[in-house]
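Participant: The numbering of the sequence shown is the numbering used here, which starts it at 11 and goes up by one.
One thing to keep in mind: the hints can contain errors.
What the hints assert, rightly or not - Listed below are the simulated PhoX-like cross-link pairs for lysine-lysine, each with C-alpha atoms no more than 20 Å apart in a straight line: (1) 166 - 195; (2) 105 - 129; (3) 183 - 195; (4) 105 - 16; (5) 48 - 15; (6) 149 - 15; (7) 175 - 195; (8) 43 - 16; (9) 166 - 183; (10) 105 - 43; (11) 149 - 137; (12) 129 - 175; (13) 88 - 48; (14) 175 - 194; (15) 137 - 175; (16) 57 - 15; (17) 87 - 149; (18) 175 - 149; (19) 129 - 88; (20) 43 - 57.
What the hints assert, rightly or not - What follows is a list of derived Cβ distance ranges for each label pair: (21) 57 - 28: 44 to 54 Å; (22) 47 - 171: 48 to 58 Å; (23) 180 - 29: 34 to 44 Å; (24) 32 - 180: 44 to 54 Å.
Source of the hints: derived by calculation from the structure; they are not laboratory data.
Yeah, the Cβ is synthetic: ideal placement off N, Cα and C, and Gly gets one too.
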Amino acid sequence: MDKNKKLRFCFIDLNNVRTEEQFYEYFATEILKVSSTKFENIVDSAKQLLGRFIPTITVNPTPESNLQLGLDWSEVKKQPTDIIELAERLAINSKTNFIICIDEFQNISEFENPEAFQKMLRAHWQKHQNVSYCLYGSKRHMLMDVFTSPSMPFYKFGDIVFLDKISTDDWIKFIVSRFNDTGKKLTTFPPNLSLI
């Protein structure tokens, strides 16, 4: 499949994120990682767009090419919008579009001041022209509250899509194909196999 070089996907999992501080650091790190394939460009972007926030940038030149930002939380608290606007600014600078997929989005409801945080996110994200957001999670009732309650900042932020469970046949085809991709053969399943 041809890759669209003008489209960058960023996957963020908030499963272990419990504070705004953790969110900003993780959010900025993951967006910077997908902004370029060259570490020099990533570091330059970090310095240019977030320089006053970043006392440390750690690059681990392994096959996985890991990047970790250390943010000055006292500075971030003064002007967090620079991080919230990061993807849009990078998209404009690189003439690309970003799709940011945030899993376990409902975890932002556990932050110290969740409604104020959500208001700030919405106020900026709804104006972005070069970034799209796909927000999802495993706690349906909490997500429904975030997106369908008229009193919540993300009310009617976008389309709500409910996904059906993946059928057993599709699961089996997927698992077999993944085994085949690794050169291993999986031809049968035990009759009592339950795929949930």
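Participant: Hint by hint, say whether it matches the structure.
Facilitator: Okay, the hints, checked on the actual structure:
1. Restraint check for residue 166 and residue 195: the C-alpha separation of about 46 Å exceeds 20 Å, so the hint is violated.
2. As the CA atoms of residue 105 and residue 129 are separated by approximately 28 Å, the hinted pair breaks the 20 Å bound.
3. Simply put, residue 183 and residue 195 have alpha-carbon atoms about 13 Å apart, close enough for the 20 Å limit, and the pair holds.
4. Simply put, residue 105 and residue 16 have alpha-carbon atoms about 7 Å apart, close enough for the 20 Å limit, and the pair holds.
5. Using a Cα cut-off of 20 Å, the hinted pair residue 48 and residue 15 holds, with the two alpha carbons roughly 14 Å apart.
6. Restraint check: the Cα-Cα separation between residue 149 and residue 15 comes to about 33 Å, which exceeds 20 Å; the hinted pair is violated.
7. With a CA separation close to 26 Å, the supplied pair residue 175 and residue 195 exceeds the 20 Å bound.
8. Simply put, residue 43 and residue 16 have alpha-carbon atoms about 15 Å apart, close enough for the 20 Å limit, and the pair holds.
9. The straight-line distance between the Cα atoms of residue 166 and residue 183 is roughly 36 Å, outside the 20 Å bound, and the hint therefore fails.
10. Using a Cα cut-off of 20 Å, the hinted pair residue 105 and residue 43 holds, with the two alpha carbons roughly 17 Å apart.
11. Distance hint between residue 149 and residue 137 is unfulfilled; the C-alpha atoms sit about 27 Å from each other, more than 20 Å.
12. The hinted pair formed by residue 129 and residue 175 fails the criterion: a straight-line CA distance of about 32 Å is larger than 20 Å.
13. This hinted pair does not check out: residue 88 and residue 48 have alpha carbons roughly 30 Å apart, beyond 20 Å.
14. At roughly 27 Å between alpha-carbon atoms, residue 175 and residue 194 are farther apart than 20 Å, so this suggested pair is violated.
15. Annotation: proposed proximity of residue 137 to residue 175 is violated, straight-line Cα distance about 33 Å (limit 20 Å).
16. Taken as a hint, the residue 57 and residue 15 pair is broken in the structure, with Cα atoms around 24 Å apart against an allowance of 20 Å.
17. A hinted pair counts as satisfied when its Cα atoms are at most 20 Å apart, and residue 87 with residue 149 does not qualify at roughly 29 Å.
18. A hinted pair counts as satisfied when its Cα atoms are at most 20 Å apart, and residue 175 with residue 149 qualifies at roughly 15 Å.
19. Between the alpha carbons of residue 129 and residue 88 the distance comes to roughly 16 Å, so the proposed pair stays at or under 20 Å and holds.
20. Among the hinted pairs, residue 43 with residue 57 is consistent with the structure: their alpha-carbon atoms are about 14 Å apart, no more than 20 Å.
21. A hinted range of 44 to 54 Å for the beta carbons of residue 57 and residue 28 is inconsistent with their spacing of about 28 Å.
22. Checked against the given bound of 48 to 58 Å, the beta carbons of residue 47 and residue 171, roughly 31 Å apart, lie outside it.
23. Between residue 180 and residue 29 the CB atoms are about 38 Å apart, so this pair conforms to the stated range of 34 to 44 Å.
24. Evaluation of the 44 to 54 Å hint for residue 32 and residue 180 yields a failure: the beta carbon distance comes to about 35 Å.
The structure does not agree with the numbered hints 1, 2, 6, 7, 9, 11, 12, 13, 14, 15, 16, 17, 21, 22, 24 stated previously, though it agrees with the rest.
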